[in-house]
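This is what each chain is made of:
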Amino acid sequence: MEWADLVSGVLAAAIPMAVPLLLVGLGEMFDQRAGMFNLGAEGIMMMGAFVAFFIDLKLQTPWLGLLAALLVGAAFGLLMGLVCVTFRSPQGIAGIGIYMLGWGLSGTLFRVYVGGPTPIQGIASLNLSSLRGVPYVGSVLAVLNPMDYAAFFLIPLSGWLLFKTAWGLKARAVGTTPRAADTLGIGVSRVRYQCVVLGGAMAGLAGAYLSVCQAKMFADNITAGRGFIAVALVYFGRWSPWGVAVGAAIFSLAVAAQRLIQFYGAKFPYELALVIPYVLVIVVLACSRNRDKSEPTALGKPYYREYRG
Amino acid sequence: MFERNVSGKNASEKNVSRGKWKSVVLAFLLVCLLGTGAWSAPIKIAFVVPSTRDDMAWSQAMYEGIVAVQKKLGEANLELSISERLGNPVDAAAAIRQYASQGYDIIIAHGTQYQSLLNDIAPDFPETSFAYGTGYATNHPNIFAYDPQAQEGAYLGGMIAGLMTKSGVIGLVGPVEAGDAIKYNKGFEMGVKAVNDKAVVRTAYTGSFNDLVGAGDIAKTAIKGGADFLSGSSQQSVGAVKAAAETEGVYWIATDLNMKDIAPKTVLAAQVYRFEIVVQEMIDSREKGVLGGRAIPLTFGNGYIEMQVNLPLPPDVAEKVEKAKADIASGALKIEID
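Line by line, the protein sequences give chains D and F. If you're matching positions, the first sequence starts at 3 in our numbering and goes up one per residue. If you're matching positions, the second sequence starts at 11 in our numbering and goes up one per residue.
Quick caveat, the hints were computed from the structure, so don't treat them as lab data. Errors might be hidden in some of the hints.
[To be verified] Straight-line distance between alpha carbons at most 20 angstroms, and here's what the computed SDA-like set of lysine to any residue pairs gives: (1) F:Lys270 with D:Trp5; (2) F:Lys208 with D:Ala6; (3) F:Lys234 with D:Gly267; (4) F:Lys335 with D:Ile278; (5) F:Lys234 with D:Thr120; (6) F:Lys234 with D:Ser141; (7) F:Lys335 with D:Leu73; (8) F:Lys270 with D:Leu8; (9) F:Lys234 with D:Val136; (10) F:Lys270 with D:Thr120; (11) F:Lys234 with D:Asn129; (12) F:Lys333 with F:Leu321; (13) F:Lys270 with F:Asn320; (14) F:Lys234 with D:Pro137; (15) F:Lys234 with D:Ala256; (16) F:Lys234 with D:Ala126; (17) F:Lys234 with D:Ala6; (18) F:Lys234 with D:Leu8; (19) F:Lys333 with F:Asp348; (20) F:Lys234 with D:Arg192; (21) F:Lys275 with D:Ala144; (22) F:Lys234 with D:Val139; (23) F:Lys234 with D:Gly117; (24) F:Lys203 with D:Leu143; (25) F:Lys234 with D:Leu130; (26) F:Lys234 with D:Ala144; (27) F:Lys333 with F:Ala305; (28) F:Lys203 with F:Gly217; (29) F:Lys234 with D:Tyr138; (30) F:Lys335 with F:Glu316; (31) F:Lys234 with D:Val145; (32) F:Lys330 with F:Met317; (33) F:Lys203 with D:Ser141; (34) F:Lys335 with D:Gln196; (35) F:Lys234 with D:Tyr266; (36) F:Lys234 with D:Lys60; (37) D:Lys60 with F:Glu346; (38) F:Lys176 with D:Tyr266.
Please read all numbers here as calculations on a predicted model, not as lab measurements.
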């Protein structure tokens, strides 16, 4: 196998794997930057995956499916906000509740209205012949899904939103020192709601990507833990869009590489190959802990306006 | 009514003789009904599955088998209850116990993973038959094990792939390297090697039985690596079939049940388990008073497995596969997995 083939083989496998992680990871980053810890991302992804699939199945319009997944994700984000911002419930438990609700509801709706594995048309990959000439990666970049390009575009967009706009500053302020932000007249609850709704919408979109762009069908547990991996990737990426993107890329490249290693028959137990990406994330997390000050210090803490602590 | 009957002798005699006839006819009908079994209590079967009844794979194959028997016996004579998505052994054990205590006759726990649960539960309900598979160990007299010889059809599928591949690269998408998947993958590779020693069989595992997206990604990796024939077992293979269908000229060899509905132009052939015979055999066995204690193998020899071909095969390929099938069925060709 030549180097060019190897590189394009790994990339072709890694990009579709990285995109849902990137989408849900960027959403989770906004949540956490505002001090909201949303463990329900996996369940919201399941709902997004189901809704987008169902709309494509019934109306044959996958783009409308993506839009619906965004809205359903946002609605779940709103629910998370209601429980954790308005009612100030513990975020960890509420997130697990949201996860179970999304997971169970999507499965039940699928069971009642669809049944078994049913293929849909989905969103097909593009064929941009002008990109084929690019060395090593041309053959991969030319045949990506439109949503892949959109996801790449979302990295700088998220960076701009978080670090270059007044809203981004407010979001970071309510996640770090909510009391100071409140003193300056920033509505802590409102900004937290906005972030958790944005995060939910992104998680819904990530789920929709799995069902409409990748698998082109829906099945129980289609997300297979990707929502939880994304939560780890946000820590890994130190709450920065570029960091999250690097985390998603490393994780996906490791998964793709282990599949190629298996496929080309390297003689070692496949179970070891399977755990490589997870071990990698744990090692990097352990090494990078507390090296910078980007962590939102009010993460997971409900804000009591009346409390004089 | 009574007064009128006793008021006149003739009328009374007539009524008595009519009553006699009625009794005779009723008794006759009763004997007939009992003889045909129409009055016997329905057989109650509970079906516990790790995935869903319509997973297009392992669980659906058994579900269709039970429904086929239900149609044959009549819906009133076979009562079926299903508990889905019970991959978690704790939940599955609770469901199985509940079914047993509700008086179900046969409880089919459709997976190898349920074997130890049944070993725990079966002694507490000696009148109930329990069944699980893939497996052959039956530690109690009321446990049936069903044991599909996955390698037999896999061998034939491997032959088809080996004879028809143009690229010489064949990909296997595995779930977890255990049980059925080992039998299937090794049988498939033996089939390829038997007819084409230059072909390369490459295998990768997702590490899960139901990661459709992961299986689809492996299929895409395999296709990018040159594979033009793919195969694999378990529920997740649906994702790989769908991924294979996106590339023209790539074929899939299915197992458990025919997956042609997912991708009619891609699923070339399928090994199909005829679970309806297994279910019928368990019912018959119970009627004879044998509640379990034995393994039921599914083989080409006993006709419990069949090979279904969906797209036309070249005549020489069809001939070689037919001959190998006959040899496997007669025992002349043994597919032994070490």
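Item to check | Indices of hints not satisfied (ascending) | outcome: Violated hints (numbers, rising): 1, 2, 4, 5, 7, 8, 19, 20, 21, 23, 24, 27, 28, 33, 34, 36, 37; every other hint is consistent with the structure.
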